[in-house]
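Assemble chain B onto chain A, guided by the hints.
Protein chains in written order, with this note's numbering: chain A, 1 to 355; chain B, 1 to 286.
If you're looking for bench data, these hints aren't it; they were derived computationally from the structure.
In silico lysine to any residue, SDA-like type, Cα no more than 25 Å apart, as pairs: (1) B/K175 to A/V67; (2) B/K175 to A/S56; (3) A/K101 to B/G190; (4) A/K101 to B/R194; (5) A/K111 to A/N91; (6) B/K175 to A/P71; (7) A/K54 to B/K171; (8) B/K175 to A/G14.
Just a sample of chain A residues kept apart from chain B, beta carbon distances all over 12 Å, derived: (9) T171; (10) P218; (11) N311.
Please read these numbers as outputs of a predicted model, since none were measured by experiment. We put the CB at the ideal spot given by N, CA and C, even for glycine.
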Amino acid sequence: MSVVETKALVKRFGDVVAVNSIDLRIEEGEFLVLLGPSGSGKTSLLRMVAGLEKPSDGQILIGGKDVTFMPPRARNLSMVFQSYALYPHMNVFRNISFPLKAEGLPYEERKKKVEWAASIFGIEHLLHRKPRQLSGGQRQRVALARAVVREPGVFLLDEPLSNLDAQLRATARDEIKQFQRRIGTTTIYVTHDQVEAMGMGDRIAVMHLGNMHQLGTPQELYREPADTFVATFLGSPPMNLVKKDSCIIGFHPEHFLPEDVLHPETATFSFAFEVTRVEYLGADRFLYGMVQGAEGPTRIISKVPSLVTLNFEAGRKYTFVVQESDLKYFDHASGKRIPPLPFTTVEPTAQAVVS
Amino acid sequence: MTNGNYILRQVARYGLIYAIVTLFAVFAALPFFQMLVIAFKSDADFNNPRENIPFWFNEAPTNEHLTYLLEETQYLTFIWNSLLIGVFVVGITLVFATPAAYSLARLTGRQGERLGILIFLVYLIPPTLLFIPMSRVVSFLELQNSKWALVVIYPTFTIPFCTWLLFGFMKTIPKDIEEQAMVDGYSRFGAMLRVVLPLALPGLLTVVVFSFMLTLHEYIYALAFTTTSSEKPISVGVTTELVRGDVFFWQSLMAAAVFVALPIAVIYNLFLNRFVSGLTMGAVKG
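Bound conformation, chain A alone (with noise of 0.2 Å):
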């Protein structure tokens, strides 16, 4: 368990910039989530942890210690690829015992070692299969336990769920974070997945483009978001942005709802919605639609729960609401999140109805 540290750390190749000077410290036994759409850096900043790839310029230091130039074996530490990466011409025990016999551990322990690790992911019945023999969530279960093998400083996790169907993928999630809370070990672990990152990130740093847009815990970055990259990234469907004259104003899906919903008594926002379709997903139903911006028509998405029972018809107009409170205010040009303007500046085109 140790502290991970990146200082300005950053990454070129050629003239792209992967990584642009990050600063990141990961606590001990968190589980930080690096999360950014493809290309965002995210997957060459974790490689630059390991030592798979050399920075072009800053600090890493895992446990207090200067590890910039330190081969991956001096880390200490474990990855599991999105490839899983297992040693084809080698059976699941050896696999698993791999990383033991870097260490030049006895045969006895070793065999301890990776039976303990295959029971903590119920792999034990699989030991002397060779990886082609085995499912896509075996030989994800095989490549944690080798990572866990070892009993490593910090985990490494890049996309480690991508491979796996949907349902499998949700158990595998709740698998990873229950372990991790048992072993508690440092953990980064690489997503594009914004719902992996906000079911089992402790803090997530999201990415774009080689920066890193903000950092926070998932209710930080869910309720107040720093930027409209962050806002629009997170939550499905992604929060609503419309342009008013002077900024962005930005709301969740399911804070745009009818009039008559919500409580009199709030400060509300409202906006003349044309709703275009209707989408019914059982528990709730999504309204795509229109509203009228300060550059014309804007699309906009509202999630109304099951428990609203009125009746939306596409092709309509109706009256919904925001409340004061969940409205967000991003800058024009820089997409920044800035202070609530007063509304009556704002609001020309909608009508502000402060009640």
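This is chain B only, laid out in the frame that chain A set:
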């Protein structure tokens, strides 16, 4: 009824396939058979092809030519020399081609591929051009008229060829796997030794077989650099000792050829598939 029809059709289908395959097999085996037959033919039988069927014994078979080959020429020494040269050249080739192919396969971008092709081009320079400058090298090393000259020279074409061959194999080994090994506590060299090489084993075996073949059938360098019988490899030894002026000792020649060719044909067949896939693997991925 339909069942009977089905069986009939299957029998016809497999019958046809086996007929065609048998035809080709016989066609391919015919030279070996012919060599074997000739090797044991008596002179009278062999020298009278108009009246005698060339494909079979018309007079009693004899082993006098085989005895001649074994007792009057240094046939066994030639084989021994060829084996010795082959083993050393294969060893040298592996030692050089394996790390070269590994580095080329792991070079980022397209430089690796280009360098690999450049190295392969060296193989295409014909020995007829090279043996004169090579003779200077050989005399500098004071290896004239010695099989060790061939051990030094043969790697000049086996290494480029086998580097290219192995390069194709190495490229198919996912990078993840050796990176995993490096994270799991091994150095790059350790990862190569324990993970990459075992996975490249089919490629390495192909290299062994193929570089051995290359040395075995090489003729020009062997002719140029070995003159004493005791130093000659099989390719030159047999042809120079059993062809005297315009007299060909055909039966002995055939015997000499077939006993070397048969085991090689068998081994080569076992590796042919892998060999072809090794050649194309690197090429397709460009």
